[in-house]
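Participant: If you want the building blocks of each chain, they are given just below.
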Amino acid sequence: MNPALKLVAQRLALGILLLFLVSILIFVGTIILPGDVAQSILGQSATPEALANLREELGLNEPALQRYLNWLGGLLQGDLGTALTNGQDIAASLGGRLKNTLFLAFWAAIVSVPLAIFLGLLAVRYRERWPDKLISAVTLASISIPEFLIGYVLMYFIGVKLGWAPTVATIHDGMSLGQKLNTIALPVSVLTLVVLAHMMRMTRAAILNVMQSAYIETAELKGLSMFLIIWKHAFPNSIAPIVNVVMLNLAYLVVGVVVIEVVFTYPGMGQYLVDHVSKRDIPVVQACGLIFAAVYIGLNMVADIVSILANPRLRHPK
Amino acid sequence: MSDALLKVRDLKIGATVYPPGEKPHDIEIVHGVSFDLEKGKVLGLIGESGAGKSTIGLASMAYGRGGVKITGGEVWVNGRDILKTGLSDIRSLRGGEVTYVSQSAAASFNPAKKIMDQVTEASIRHGKFSKKEAEARAVELFGKLGLPDPENIGSRYPHQVSGGQLQRCMTALALCPEPDLVVFDEPTTALDVTTQIDVLMAIKEAIRDTGVAALYITHDLAVVAQVSDDILVLKMGDMVEYGNVDQIINAPQEEYTKALVSVRSIDHEEKVPTPEPVLKVEHITARYKGTNFDVLHDVNVELHPGQTLAVVGESGSGKSTLARVITGLLPPRSGNIHFAGRDLSAALDGRSREDLRELQMIYQMADVAMNPRQTVGTIIGRPLEFYFGLRGEEKRKRIKELLDEIEMGDGFIDRYPAELSGGQKQRVCIARALAAKPKMIICDEVTSALDPLVADGILKLLLDLQKIEDVAYLFITHDLATVRAIADSIAVMYQGKVVRYGGKTDVLSPPFDDYTDLLLSSVPEMKLGWLEEVIANRKMESAGN
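Chains as they are written, first to last, in the working numbering: chain A, 25 to 342; chain B, 13 to 557.
Quick caveat, the hints were computed from the structure, so don't treat them as lab data.
Ideal Cβ placement from N, Cα and C applies to all residues, glycine included.
Hints may be right or wrong, so weigh each one.
[Claimed, not checked] Computed far set for chain A versus chain B, every beta-carbon distance over 10 Å:
| id | residue |
| --- | --- |
| 1 | G39 |
| 2 | S69 |
| 3 | V162 |
| 4 | Y239 |
| 5 | E244 |
| 6 | K246 |
| 7 | P336 |
| 8 | K342 |
[To be verified] Label-pair distances were calculated between CB atoms; the ranges are:
| id | chain 1 | residue 1 | chain 2 | residue 2 | range |
| --- | --- | --- | --- | --- | --- |
| 9 | A | R151 | B | G139 | 24 to 34 Å |
| 10 | A | G322 | B | E397 | 37 to 47 Å |
| 11 | A | L232 | B | A555 | 49 to 59 Å |
| 12 | A | L29 | B | G353 | 22 to 32 Å |
| 13 | A | R151 | B | L95 | 18 to 28 Å |
| 14 | B | E190 | A | G322 | 17 to 27 Å |
With the hints as constraints, model all of the structure from the sequences given.
Facilitator: Right under this line is the structure:
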């Protein structure tokens, strides 16, 4: 078997195993949290009988292992359970939220990833000269300012003063794609500014590292132009580290956008999770945790697989 | 002006240096070099490291490596001074009129691209050939250079072919755009001798057939004598001697050239074996973890006190693995090691401090074998503390003695490795090994990374120390000249087996087995026409069989 395929299969198997372990961790984590769900649903004034009834109804009296197996069995069939607080099916109410989060993350990625890589290439081309320093300074500044502050500043200038984009990014299914994109323009800009620096600097560092290689000198001595050397000879050899940092940032775009969602009242997963954490709605928290974990593991797995496939030694063994 | 293809006049090259503890400043590394190269001729640039030969070679492409800058003089290629021409003209010069073959093809090929794309890239970019024409020319060159399966080798990736083959691909890369001049920068130095001879012949024939001119850069005078018309000897950026190859080899005028021609003239009388060997390796078979083939098969050798056993072979022959087995880093699958009258534990964990002390090692790369943040005194003092518990004034006294023994003097005691030359670094490593008062030292290619004259000094030092300290050496090397210089007995290794073993005179005298014969006849000799002679002999032999 081709070693690259073997490694890819290994990564996939490891990813699934990891997800399984994470599910145990999430379940155990939510059990050992202090407090009682029934109590928090019914409030301080609940009678002991009512509490006992509710516990029975929610299955909280069963042994933990049994509850875990029930939960896992449901998960494998796509059943995330029902929310304790409002009795709704979690999968149904989460579905729309997840779609919105992925929508926002997707468009932020479409803008930020090519831009970051292009700026990285540009910084290498003009290394240690003013374009490089300007790019570094601006991206570093944008990552250093808290994202909610950038959010409010953009909202004030672009949304309120200039009126180019709406300040509230609430989208719904009735909107056309164009309307949606206009609505999320501001959060996408903020997210881009937040993730740009990390990816751009990593691209720059990875390519500069490769630029030290003897084969870059060979390319220079072939009389190739600098940009051609960077694009054709250096970039293909720096794909692995670049993909790794890109995937980490994509994961952040899905998992870490809760602040932005709150600032722009965007109906995504982050808001939904925060709402239910405060209500101690354990099944929702578990479901969200598991989805976030799956996104992280999945994207990192993709990064691993791309790195493996980008390595000619593994793709074309002797 | 004559119609020379390449004309260099009073070339001066500078570089920025960053000495530890000082401000970076500019120094001059080439001080006014002039020479001519006519169409279809080969000029050999020869000198030790730091002589400026690669720098001069690259200057003929108006290129400075790293912080190197051309500071003065003229470099005329095809009738214009390339130091005064514009960037776009320089780009069409590089890869079009002048091309380059580097020392390490393995590093100079882009690992992510197919060989064919890299070989034809310059021709296509410079509009010399269409893609199709360039590929046809590449296939023709692959065939001329003796590569197997020339039709298909281009579709492979660099890691899929051997080092010798890749070096030929690099030559094809340089010849593909039909340049006027090729700069060969140590093109065979990284190869085994038996591979070197074939690549050398391929390069020589390619130069002759294409009528291209060449600058041939090397530190090995015997090699350059085989391919050059003229030779320019350089030392520390100065021209020492410039003349035709016959004059330089057979009638050198300058002292420095004479020293280069007569290098490796150490005379070492073979010693007779003693009754009691210090090291006895019996039936060692070993393989690396996670692999399913043996890298050593039933190896038996002996080393006598105060003597030198040279283990010689090409890369992959298992000679370094043997050292790993003896040091305990790689426990063998079967076999025994007797050392100083006792059985040595196969694994490192089972060895006593006394075992460790009496068996020391010196490595090929002296600079990575030392902690760059420790002074010479600390490096040499460490074994004195560890094995003998020496402290303070007593330790310092012993360090000074050791520095004296390696002919460096106690002025070096507070210096850092970065402040030492390559030869001095290796001397410090020798002193560190001697500090443990060992019975035996394993020397793993200790002179391979050094210039011939420096290496000569190290070998002389090792022989002198052997007389004083009565220490035995297991000397691992691929270089037969080194073997001749210092060995008492020799083991020739090939594919994990000892194919020939005995006293130096016996091993180096006929009748030979096939492999030893091939190995010995592949070592370049300092005489004109040697290459053709060997190739002709081999053809005759294979015709006779």
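Participant: Run the C-beta distances from S69/A to all of chain B and say if the shortest one exceeds 10 Å.
Facilitator: Label holds. Min Cβ-Cβ 67 Å, cutoff 10 Å.
Participant: Regarding the assertion that E244/A does not contact chain B, is the least Cβ-Cβ distance greater than 10 Å?
Facilitator: E244/A is in fact no farther than 10 Å from some Cβ atom of chain B, at 7 Å.
Participant: Kindly confirm whether 22 to 32 Å is satisfied by the beta carbon distance between L29/A and G353/B.
Facilitator: Violated, at about 54 Å.
Participant: Can you let me know if the beta-carbon spacing of R151/A and L95/B is within 18 to 28 Å?
Facilitator: 24 Å, holds
Participant: In terms of Cβ atoms, is chain B entirely out of 10 Å range of P336/A?
Facilitator: Violated, because the least Cβ-Cβ distance between P336/A and chain B comes to about 5 Å, which does not exceed 10 Å.
Participant: Go ahead and decide if the range 49 to 59 Å is satisfied by the Cβ distance of L232/A to A555/B.
Facilitator: Between L232/A and A555/B, where Cβ atoms are some 55 Å apart, the hint holds.
Participant: Could you let me know if the closest chain B CB is still more than 10 Å away from the CB of Y239/A?
Facilitator: Answer for Y239/A: violated, closest chain B Cβ roughly 4 Å.
Participant: Once the closest CB in chain B is found, is it more than 10 Å from K342/A?
Facilitator: Given that some Cβ of chain B is not farther than 10 Å from that of K342/A, nearest at about 5 Å, it is violated.
Participant: Given the range 24 to 34 Å, decide if the beta-carbon distance of R151/A to G139/B lies inside it.
Facilitator: 29 Å, holds
Participant: Does the hinted range 37 to 47 Å hold for G322/A and E397/B at CB?
Facilitator: Hint violated: Cβ distance 54 Å, outside 37 to 47 Å.
Participant: Is the claim that K246/A lies outside the interface with chain B correct, judged by CB distances over 10 Å?
Facilitator: For K246/A, whose nearest Cβ neighbour in chain B is about 4 Å away, the distance does not exceed 10 Å, so it is violated.
Participant: Given the hint of 17 to 27 Å, check if E190/B and G322/A actually sit that far apart at their C-beta atoms.
Facilitator: This hint is violated: roughly 52 Å between Cβ atoms.
Against the hints set out earlier in the document, violations occur for numbers 4, 5, 6, 7, 8, 10, 12 and 14.
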